[in-house]
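Following the hints, position chain B against chain A.
Now for the letters of each chain:
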Amino acid sequence: MRLSSNMSLLGNASITLRLTLLFVLASSAVLLALGLVIASSVEKHFEEQDMEVLTGKMALTRHTLAQLNSIDDLAHITHMMDNSLVGHHGLEVLVLNPQHQVIFATPNAGFAINVVAASAAKGPSFPALWLLGALSYRGIAAELPTGLYGGSNVIVAVATDIAHHQAFMRAFRQTLWLFVAGAAIVSGVLGWVAARRGLAPLRTMREQTQAVTAQQLSHRLSVESVPTELAELAQSLNEMLARLEEAFLRLSDFSSDIAHELRTPVSNLMTQTQVALSKARDADAYRSILESNAEEYERMARMIADMLLLAKADNGLVVPHRERLQLATEVQALFDYYEAVADEKGLHLTLQGDAEVHADRLMMRRALGNLLSNAVRHAMPGTTVSVRMAAREDAVTIEMVNTGDTIAPEHLERVFDRFFRSDPSRQRGSDGTGLGLAITKSIVAAHGGDIHATSGNGVTTFTLQLPLAN
Amino acid sequence: MKILIVEDEPKTGDYLKQGLMEAGFSVDLLRDGVDGLHHALTESFDLAILDVMLPGLDGWGILRGIRRAGKDMPVLFLTARDAVDDRVKGLELGADDYLVKPFAFSELLARVRTLLRRGAKTTGAELLRVADLELDLLRRRVTRAGKRIDLTAKEFALLELLLRRQGEVLPRSLIASQVWDMNFDSDTNVIEVAMRRLRAKVDDSFEPKLIRTVRGMGYVLENPL
Chain A
9 MRLSSNMSLL GNASITLRLT LLFVLASSAV LLALGLVIAS SVEKHFEEQD
59 MEVLTGKMAL TRHTLAQLNS IDDLAHITHM MDNSLVGHHG LEVLVLNPQH
109 QVIFATPNAG FAINVVAASA AKGPSFPALW LLGALSYRGI AAELPTGLYG
159 GSNVIVAVAT DIAHHQAFMR AFRQTLWLFV AGAAIVSGVL GWVAARRGLA
209 PLRTMREQTQ AVTAQQLSHR LSVESVPTEL AELAQSLNEM LARLEEAFLR
259 LSDFSSDIAH ELRTPVSNLM TQTQVALSKA RDADAYRSIL ESNAEEYERM
309 ARMIADMLLL AKADNGLVVP HRERLQLATE VQALFDYYEA VADEKGLHLT
359 LQGDAEVHAD RLMMRRALGN LLSNAVRHAM PGTTVSVRMA AREDAVTIEM
409 VNTGDTIAPE HLERVFDRFF RSDPSRQRGS DGTGLGLAIT KSIVAAHGGD
459 IHATSGNGVT TFTLQLPLAN
Chain B
91 MKILIVEDEP KTGDYLKQGL MEAGFSVDLL RDGVDGLHHA LTESFDLAIL
141 DVMLPGLDGW GILRGIRRAG KDMPVLFLTA RDAVDDRVKG LELGADDYLV
191 KPFAFSELLA RVRTLLRRGA KTTGAELLRV ADLELDLLRR RVTRAGKRID
241 LTAKEFALLE LLLRRQGEVL PRSLIASQVW DMNFDSDTNV IEVAMRRLRA
291 KVDDSFEPKL IRTVRGMGYV LENPL
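Chains as they are written, first to last, in this note's numbering: chain A, 9 to 478; chain B, 91 to 315.
It should be emphasised that the hints constitute simulated quantities derived from the structure, not laboratory data.
Treat each hint with caution, since some may be false.
Straight-line distance between alpha carbons at most 20 Å, and here's what the computed SDA-like set of lysine to any residue pairs gives [said to hold, decoys possible]:
(1) A/Lys-320 x B/Arg-171
(2) B/Lys-244 x B/Thr-233
(3) A/Lys-353 x B/Val-283
(4) B/Lys-191 x A/Asn-301
(5) B/Lys-191 x B/Val-283
Just chain B, same shape as in the assembly:
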């Protein structure tokens, strides 16, 4: 997967590039709007991350150029200004997502993956599995090592999210948004408690432990073996 980043702030650009490369993406970083648009049109990318304020040509201009050339790759905007007008403008121009600085890198990564997955076909799997944990979507049943585990509706949704995106570190804000449809930063440890309760049911009396807390970033479900 190839990602284009156009970001003029040197540190931000470098860290985004490093982070995304370490997450397994191939990344081109450009620091100027005009070069960015040229690059976007001459090379092929799966996704573009654009800063709004750029020298030469701003992010809106690049997006306009990309859409005019008939390219429909997903575009994610980064901005330091959280103005509703900006958000509306971006969406009208055909931006796919919008992140306000400062943002958590895990949040960005999760959104990038969501956008990239949007194009791909959703796996019509009825059974999600990692190690000896199985989640049956049709029968709404979870078993581990063959033993039935009772989950509440929300715990089921949470586990499904973790399983669908196994190996990805999911930030709390993304979990709150996807599982509970809470799109604001809540000020309690709601996700921590919910995750602890899920782990008590799914992980506590089993080995290996599948759900892991990545401090400062979020949660990941993966088979450590």
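Chain A extracted, bound-state conformation:
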């Protein structure tokens, strides 16, 4: 399984880095937007202030110009205008006659005529920015009526120096940028600290998982000490560990069992052969040793075949060839097979009921055969081994019952384990690899069924459930 993290621009950068960058970006964006809003409203405020002054002055000028009725009055214009401009530092006024000739100008009002005329055409409510050397002016222009020039309008421009406003805005922007940059750095650092602290439980979990090794699979993550978001993850990891531990233990038990089970026959073979070779013997003696070896080899070969089958079962045993089986027929065939052995022990084999399943014949015979063989081996002489079958609506139940020693409850679960012996001191006979019931369980599982054992008062029952043939 691979996590697809390459969708993101950051690739597989650490979460801490991602969070830090996100903090920086978010705080910078917010502060920047705030700064821009403030800057623009300050500027707007300045503009409104200027406009107030300018429109006031324009009204004054209109009033003054309205008093001009003859060309003689033009001589007074400077005087009249100067009067109305008293107390307004930095305010410049320019008046043009209809021919765009300057009829009045304050000392610094050297604005370009065409710019002023264009502005006047738009009207007095649209302020414009006029440059005069190094100075900036905000100005408005209007066409105003007078009594002169036969009723033609004159052009009046009023402008105010805004250098101090601009200086203020420059300083303000500079501060703003510095502040945003500083805030970005600070929020980055804070974000980094917060992310580190927030992710600390993850690091703890990592350290805990690092402690898990093949030898220490019993180690678990503490679910209580992690935040709720991670508790579920820790819980899942713990469950995974439990499954792994179980499988691992079973596997390592199995390998040590294999080693142990093979050691006995190999050691027998080795001793026997070496003793045989230690001095000259007659042909019969050699024959006897070889015969005994052959038996031992056969047993080992059978064990290897069984173990291979189980190894395959661990990877999901395939049911090679399913067909409809009448279980009673199969069990009867097995009864025929075990008849002689049962008879020797004075056992009675009985069969009740019948059921149909959809299964592989060879595998099913093997599974039931192992069960029957087990029942016959552990039955008390003179008793009855009975097989009962019934088809319910959802499953087929097969019960194999024998009378003999009661299996201790703690052993019941383990009878299906490989190489399990309820009595460890008991040596296995020449027959049996100790894998029979394990194989039965694997085969039943491969057919989608289930098997369990119960035992009490000397009666042991193996109950096998298989899906109905559909």
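Okay, now just chain B, sitting in the frame of chain A:
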């Protein structure tokens, strides 16, 4: 009867050859797939035993070559891998039998004889006999030295098998498969007990003893005289 063995594992090849020669067959052993196919096509054999994994050309390839050349001699495969796919593939290609290593030599021998017999006509004998033991197939009756012996159905089938293949050592697995149709290695001494009971009826109160246990291999019925 002439048998071709193609097997690259030196020890296995040598022992197979020795064993089969001592069982009365004439054997050619080749250790390489290409040589094996060439030999199979240029000489005449009654049966071929092929390993699956071979240098040059694998067992499947040899089988394909043999069948393409129109030869229908029985082919028995030996393999270390017990994969169902392999088995199916072998049978689809026209293999006649399949043995997984490690196998018992007695098992191989029994299967070789079964395959060789398949081609021959089955003896339509109604009476099988060795020494003074007689088995009447039609009347389902067994007598020894003229005395009637009562056998169960399975004991009758067992004795019939032993008689039909007298002189051959029959491994337990073959007996279980032929008499009871149990094609898996059972983990009990079922065959031993059945054989002991049969001997009690057929051999115990008579001379000479006809059924013999060959330790580590199986059982054989033959007239020791």
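Each hint, compared with the structure:
Straight-line distance between C-alpha atoms of A/Lys-320 and B/Arg-171 comes to about 12 Å, which keeps the hinted pair within the 20 Å bound. For the given pair, B/Lys-244 sits about 16 Å from B/Thr-233 by alpha-carbon distance, which is consistent with the 20 Å threshold. With a C-alpha separation of about 11 Å, the suggested pairing of A/Lys-353 with B/Val-283 holds against the 20 Å cut-off. With a C-alpha separation of about 18 Å, the suggested pairing of B/Lys-191 with A/Asn-301 holds against the 20 Å cut-off.
With a C-alpha separation of about 27 Å, the suggested pair B/Lys-191 and B/Val-283 falls outside the 20 Å cut-off, and the hint is violated.
When the structure is compared with the earlier hints, a violation turns up for hint 5 alone.
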